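A.B. asks: Sequence:
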Amino acid sequence: HFHFRLYQSIWPGIGAEYIVMPMAKNETDDTCWLVLSNVPTGTVIGLDANVWRIGRHFRGIKDIPQGLHYMFYSAVRENAVSGVRCSQFINLTKPCIVKKKWISDHEEFQDEPEADIDREILLSRPTEISMFLAKYPKERLADWISLSSHLTASIADRLQPTGRYIYSCAQFQSEKSNSQDRASVPIPERLLRGRVDSIAPESLAECEAQLPALKTMPETDLRLTVLPAHPLYPAGASPTEISLHNMDQTYTLNALLGQIETSIVASQPPMDSQCSHGLSPAEAFLLGEIQFSFVVFLLGEALEGWYHWRGILTLLASCEKAISEHPHLYKALITCLYRELTFTGDETTEKKDNDDHGDDSLSMSDLFHPGSFDGWSQRRPNDPAFLPHTLSRLFSNIAQASNNGDKALMDLVDRAEGLRKSLERKFGVSLSSCIRPPEVTDTEGGVPLDAYNWDDDEAPTLVL
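To convert, note that position 300 of the sequence shown is 300 in UniProt numbering; the numbers rise steadily by one, no gaps.
To be clear, the hints were calculated from the coordinates, so they are not data collected in a lab.
In this text, all values refer to a predicted model and were calculated from it rather than measured experimentally.
Careful, some of the hints might be misleading.
To be verified - List of simulated lysine-lysine pairs, DSSO-like, C-alpha gap at most 30 Å:
id : residue 1 : residue 2
1  : Lys135    : Lys94
2  : Lys407    : Lys421
3  : Lys138    : Lys99
4  : Lys138    : Lys426
5  : Lys407    : Lys321
6  : Lys101    : Lys215
7  : Lys138    : Lys100
8  : Lys101    : Lys135
9  : Lys138    : Lys94
10 : Lys421    : Lys321
11 : Lys407    : Lys426
12 : Lys138    : Lys101
13 : Lys100    : Lys135
14 : Lys99     : Lys135
Please model the entire structure based on the sequences and the hints provided.
C.D. replies: Pasting the structure below:
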């Protein structure tokens, strides 16, 4: 379990002290209220890019703009350290009151039905009730929109668990049993007391066979698009062609987009396929999934979102011809990356909460440097971390694709170069050291040989 340092800049004691402010009549006409009851003092509650550590008078959040929002929260523990983070997407399509009640046994919120009388009471006594509600900071709405510009309600519904709640730690099934059932299970001989001749497992497979079979609860599993485990290639491809498809994974990307297109057409109810900026429905969905994965990682603290985001970015960075075939996709990708990787800004100047800072806290800059969290297998001490490695490859491929003089591609190159310089200046890393030199090809098969780092985990596969 980890905490992202940006979101530990918690506003202290919301609800512990309050000031009665006059409220305009139309202030509640086009916004939504999130009314929360029985929430323990000290609980961390967040909505979009806003985080509160609540006080004893806290009753919810008011003046929430309509649209898709991301709510997350962590129960407070006895030692004042936040527990497992739980989150969910909330789609507010009209002015309404969303009521939730805290269930202490499960450390979760339970939805409560909204009655027409509730809104009438709030509208008739707005000042009396709103003094217990934290105000949604309208100036921070742009931060949330920048993270979710391609994430629609239909995409969120398709990717989130069937149970709607997203957990930062896996929720495993617990098999029903009683004392009599457990007593009837024989104890393995290797675990008998006093046994001295036990033999250690000889292989990893034997070790795993001795572990209990842990299964996650199906209603808590994210329904992310399954990415190809290996580069794809057409049937009947020659060894040289297979090698080329491993180096340039455009065929794999096109197959993935085709799979997404089929799922969009077959979805019930049909998904919203309205796209803009020249994107196809499949391209728009993929961008929405990139943002979904990053949000559940950054705000929901779910590592599954990080690994999926990495997988999509690795695939897109491993394509060359696709940049010319899908220029609008890559142009939107550069914008998404800029908004995601520069999202911290100066917001860390908020007052810090010492209870939630520790060795497990992270900042955005940690993702650009090798470390235990990076999860990137380092074969040599000077190898770059995942993000510098992958972004360098992406920028290099975009620069090489601009050689044909296409105006759309030249605009893409300018945007990518601007992002590269911005990230290098912000995080103090070099994203140009992996730019490929002029290709030296094999005289027989035409396969580039000097353009790749053959000792790397992402090295392509050559079929001879």
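A.B. asks: The structure should be examined with respect to each hint, and the outcome stated for every one.
C.D. replies: Hints and how they fare:
1. Lys135 / Lys94: Given that 30 Å is the threshold and the Cα spacing comes to 18 Å, the pair holds.
2. Lys407 / Lys421: holds, 21 Å
3. Lys138 / Lys99: holds, 21 Å
4. Lys138 / Lys426: At roughly 27 Å apart (the allowed maximum being 30 Å), Lys426 and Lys138 satisfy the hint.
5. Lys407 / Lys321: Answer holds: Lys407 to Lys321 is near 16 Å, not above 30 Å.
6. Lys101 / Lys215: With a Cα-Cα distance of about 29 Å, the restraint between Lys101 and Lys215 holds, given a limit of 30 Å.
7. Lys138 / Lys100: With Cα atoms ~23 Å apart, Lys138 and Lys100 stay inside 30 Å; holds.
8. Lys101 / Lys135: holds, 19 Å
9. Lys138 / Lys94: holds, 17 Å
10. Lys421 / Lys321: Within the cut-off at roughly 24 Å; holds.
11. Lys407 / Lys426: Holds: Lys407 and Lys426 sit about 29 Å apart, inside 30 Å.
12. Lys138 / Lys101: OK: Lys138 and Lys101 at ~25 Å, within 30 Å.
13. Lys100 / Lys135: Holds, because 17 Å separates the two Cα atoms, which is no more than 30 Å.
14. Lys99 / Lys135: holds, 16 Å
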